[in-house]
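Q: One letter stands for each residue in the lines below.
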Amino acid sequence: MSATDRQHEAVLSVRGLKTWFATREGTVRSVDGVDLDLAKGEILGLVGESGSGKSVTGFSIMGLVDKPGRVVEGQIFLGASDLLAQSPEQLRSLRGRKLALIFQDPMMTLNPVLSVGTQMVEAVTAHEKVSKKEARARALQSLVRVGIPAPEKRLDAYPHELSGGMRQRVSIAIALLHQPEVIIADEPTTALDVTIQGQILYEIRRLCRESSTALLWITHDLAVVAGLADRVAVMYAGRIVESAPTRALIERPRHPYTAGLIGAVPRIGQAHGERLTQIPGSSPNPLEVRTGCAFAPRCSRAQEKCRSAEPEVTSPSPGVSWRCWFPLEQTA
Amino acid sequence: MNSPALLELKGIEKRYGTRGGGSVAALLSRVGRRAVADEVHAVREVDLSVRPGEVVGLVGESGCGKSSLGRIAAGIARPSAGEIHFRGANVDSLDRAGRRAYGLGVQMVFQNPYASLNPRIRVGDAIGEAARVHGLVAKADLGDHVAQLMRKVGLDPAYAGRLPHQFSGGQRQRIVIARALSVQPTLLVCDEAVAALDVSVQAQVLNLFMSLRDEMKLGYLFISHNLAVVERMADRVLIMYLGRIVESAPARDLFLRPSHPYTRALLNEVPSLDGGTRVYIPIKGELPSPMNPPTGCAFHPRCPQAMPVCSRESPALVEIAKGHRRACHLDAA
Numbered sequence: 000m001s002a003t004d005r006q007h008e009a010v011l012s013v014r015g016l017k018t019w020f021a022t023r024e025g026t027v028r029s030v031d032g033v034d035l036d037l038a039k040g041e042i043l044g045l046v047g048e049s050g051s052g053k054s055v056t057g058f059s060i061m062g063l064v065d066k067p068g069r070v071v072e073g074q075i076f077l078g079a080s081d082l083l084a085q086s087p088e089q090l091r092s093l094r095g096r097k098l099a100l101i102f103q104d105p106m107m108t109l110n111p112v113l114s115v116g117t118q119m120v121e122a123v124t125a126h127e128k129v130s131k132k133e134a135r136a137r138a139l140q141s142l143v144r145v146g147i148p149a150p151e152k153r154l155d156a157y158p159h160e161l162s163g164g165m166r167q168r169v170s171i172a173i174a175l176l177h178q179p180e181v182i183i184a185d186e187p188t189t190a191l192d193v194t195i196q197g198q199i200l201y202e203i204r205r206l207c208r209e210s211s212t213a214l215l216w217i218t219h220d221l222a223v224v225a226g227l228a229d230r231v232a233v234m235y236a237g238r239i240v241e242s243a244p245t246r247a248l249i250e251r252p253r254h255p256y257t258a259g260l261i262g263a264v265p266r267i268g269q270a271h272g273e274r275l276t277q278i279p280g281s282s283p284n285p286l287e288v289r290t291g292c293a294f295a296p297r298c299s300r301a302q303e304k305c306r307s308a309e310p311e312v313t314s315p316s317p318g319v320s321w322r323c324w325f326p327l328e329q330t331a
Numbered sequence: 000m001n002s003p004a005l006l007e008l009k010g011i012e013k014r015y016g017t018r019g020g021g022s023v024a025a026l027l028s029r030v031g032r033r034a035v036a037d038e039v040h041a042v043r044e045v046d047l048s049v050r051p052g053e054v055v056g057l058v059g060e061s062g063c064g065k066s067s068l069g070r071i072a073a074g075i076a077r078p079s080a081g082e083i084h085f086r087g088a089n090v091d092s093l094d095r096a097g098r099r100a101y102g103l104g105v106q107m108v109f110q111n112p113y114a115s116l117n118p119r120i121r122v123g124d125a126i127g128e129a130a131r132v133h134g135l136v137a138k139a140d141l142g143d144h145v146a147q148l149m150r151k152v153g154l155d156p157a158y159a160g161r162l163p164h165q166f167s168g169g170q171r172q173r174i175v176i177a178r179a180l181s182v183q184p185t186l187l188v189c190d191e192a193v194a195a196l197d198v199s200v201q202a203q204v205l206n207l208f209m210s211l212r213d214e215m216k217l218g219y220l221f222i223s224h225n226l227a228v229v230e231r232m233a234d235r236v237l238i239m240y241l242g243r244i245v246e247s248a249p250a251r252d253l254f255l256r257p258s259h260p261y262t263r264a265l266l267n268e269v270p271s272l273d274g275g276t277r278v279y280i281p282i283k284g285e286l287p288s289p290m291n292p293p294t295g296c297a298f299h300p301r302c303p304q305a306m307p308v309c310s311r312e313s314p315a316l317v318e319i320a321k322g323h324r325r326a327c328h329l330d331a332a
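Protein sequence lines correspond, in order, to chains B and R.
The first sequence maps to residues 0 to 331 in numbering that gives the first Met the number 0.
The second sequence maps to residues 0 to 332 in numbering that gives the first Met the number 0.
Chain B with its partners taken away, still in its complex shape (with noise of 0.2 angstroms):
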C-alpha cells in the first residue's frame, strides 16, 4: 500500500512530523520525524517515558504547541485536509468539532469558575447553531453516555464540586459533544486511583466503539494499552522506534527498547523478589545533537554502525514497523 492510499484510509495521518523547541542552551528535537496513521474507530496506544515527545505529537496534531515550540515540518492529515496549511479560525472550527483532546489533568480543560453546564453548552455552540435548551439536552446526553450518575444535577455542579474521576468523565464528556472524527487522549487516567481508571477504560473503549471513533491515547504505561488499544506505537527520543499491534508488539518486540521497556513493568503472577530486567542509564539529553541511533548508548545490542547511522524504518506489513539495524529475532 503506498503512502497515499494509506491516507485515504486513515483518518488521521501524521507525515515526517517535527515540532523543535528554540531554548536558549540550544534546539530540542522532541519531535523529530514521527509517521503514524489511526484508521476510522481504531485505539492506537502512543507509548514512550517522559521527554520521548508523545505528549508533543499530541499537542502537534491540535494544533496546540506553543512558543518557543514550532512545528519546522511534516504533514499532518484529518480526511483530506493537511491541518498545517489551515487558518487559525478553520483549525479553530475543526478543534473541538473534528478532533477533541483529553488531557491528563481535567482542570486543564475545566474552567473552575464555571458551572459543568455552562461551559458544556458552550462548547456545543461554539459550534453549532443550536437553541441554548437544545445545547443543554445535548450536554445532558452526553454525560449520560459517560455514566456520569445524577447527570441533572453535575451540569450544575461547579468543577471543584466533582472528584478527579467525576472531573475526568465531564471532559471526556465534553471531547464526545460533536462526536468527532479523531480524540487525542494524553494520560487521562494517571492521576487516577486504579478502580476509577478501570472504570474509565471500560467507558472509552465502549464509546469510541459504538460510534468509530478513532482514539489516539498517550500515555507511559504500556499495562495500560495492553488491554485497550488495537496498535502500539512506541517513542523514544523524538522518534517512533516501533509499532505493532498489541498483541504482536507485547509477545514479540523487534525493538530492544520494546523489550526493556515490557521487561521493567512488574506483573502480578511473575517471581516475587526476582530482580526486574532494567534498562540502563537514563533517557538521552535532547539538546544532543546525535549520530546514529538514540538508544545506542543504552542498548545491549549496539554495534560500530548504530553509533554512526541511524536506522531506517523497516515495515514489512502495514502498520507494522521499527527502527532498528539489529531488531530482535522473531520467536515462535
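Worth flagging that the hints you see were computed from the coordinates, not collected in a lab.
Quick caveat: nothing in here was measured; it's all calculated off a predicted structure.
Keep in mind that the hints are not guaranteed to be accurate.
The calculated label-pair distances, taken between Cβ atoms and stated as ranges, are [stated by the list, open to error]: (1) B/A79 to R/M290: 50 to 56 angstroms; (2) B/D155 to R/G16: 28 to 34 angstroms; (3) R/A129 to B/T189: 30 to 36 angstroms; (4) B/A156 to R/E38: 22 to 28 angstroms; (5) R/P3 to B/E24: 51 to 57 angstroms.
Some chain R residues judged to face chain B by a derived CB distance under 10 angstroms, without partners named [claimed, not checked]: (6) G168; (7) Q170; (8) E268.
Glycine included, every Cβ here is placed at the ideal spot set by N, Cα and C.
The hints should help you fit chain R onto chain B, whose structure is shown.
A: Chain R in isolation, oriented as in the chain B frame:
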C-alpha cells in the same frame, strides 16, 4: 520467621479535625459550650508489624489513610490513639537515647524526589548532613562515608558537588535513598517511592530496594497503590480501605487467594500486559468521603456481594487461614 518485630503498631487511630468554624468554635467555648467538630477519622484500629529484613506492602486508593499510617510508623506524625513499639519497647516510654535510636532507625522516602531535596544544598552535603549532625562519622571520614553511600545507590561519587537540579528524577530518588541510608536505619518507610518515576527508572529503583534489603537486612514498609509493584517487593501485604485494614496475608496467599471482595476487585483492575484486550468489570462508584463513611462495612456500597448485614455491622478482622486475615461478613472461601 519468628524474630521479634522491629516495629509494631497496635490499635492505631488517627483523627484530623477540620477547622472550618474556628471562630464559631472559639465563640462557643467562650460561652462554655463546645462546637461539634467535624473530623476525619483517617486511620482506625490498625495493627501492623514489620520484622527485620521484612517487606510489608501497604496498598490502597488515595484517601484510604495509607500515607497517614506511614507517617505515624516513621514517627513524623502522632497517632490519636494506639501504641508504637520499636524493638520491643513502647516509644512513648523511651529515654532520650532510645528515642533517638527510633528516630534514626526508621527513615522515610517520599514520592516526589523534587520536593524532598533542598535545591540549594549540594547533594554530597545533603547525604552527609544527618550523619555529621548525629556524630555517626568522624568529620575526617565524612567524604568517604558520602562516597560509599553514593556508590551503594548507584551514583558516581564525583557528582557529590552538584546541585539537585542537575540530576534526573530517578537519580534524585537515589540521592534521597542515600540520604535515608546515611544514618544506618533498619527500616525504610517508602510512601509511593517509585510512583513518579518512568517505568525503566522505576525498575532500576525497585531493583536497588531489593539489593539493599539483601545486603543490609533492611525492613520496609512499602506503601503503594500499584499491586504489581507490591507483589514484586513484599513478603506480606495489607490492603487498606477507608482507614481500616480489610485484608492482610503473606504476599503469595494474597495474590493467589484474595478473599476480600475489595482485594479481588483491585486485582481485577490492575492493567496488565497479559491476556489481550480485557473485559473490564469495574467496581462501581468511588471511595466514599472519610468525613462521612458508610455504616457497617465501609465497602458495602460498592461491593458486588453486599448482604443486609454489611450495612449494619462493621466486620472484624479475623484469621481465615494461617497468617491470612480478613474483615468481611462473607463466608471464607
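Q: Are the hints correct? Go through all of them and say.
A: Cross-check of the supplied hints:
no. : hint                                 : in the structure
1   : B/A79 to R/M290: 50 to 56 angstroms  : holds, 55 angstroms
2   : B/D155 to R/G16: 28 to 34 angstroms  : holds, 31 angstroms
3   : R/A129 to B/T189: 30 to 36 angstroms : holds, 34 angstroms
4   : B/A156 to R/E38: 22 to 28 angstroms  : holds, 25 angstroms
5   : R/P3 to B/E24: 51 to 57 angstroms    : holds, 55 angstroms
6   : G168                                 : holds, 8 angstroms
7   : Q170                                 : holds, 7 angstroms
8   : E268                                 : holds, 4 angstroms
Hint compliance for this structure: every hint is met.
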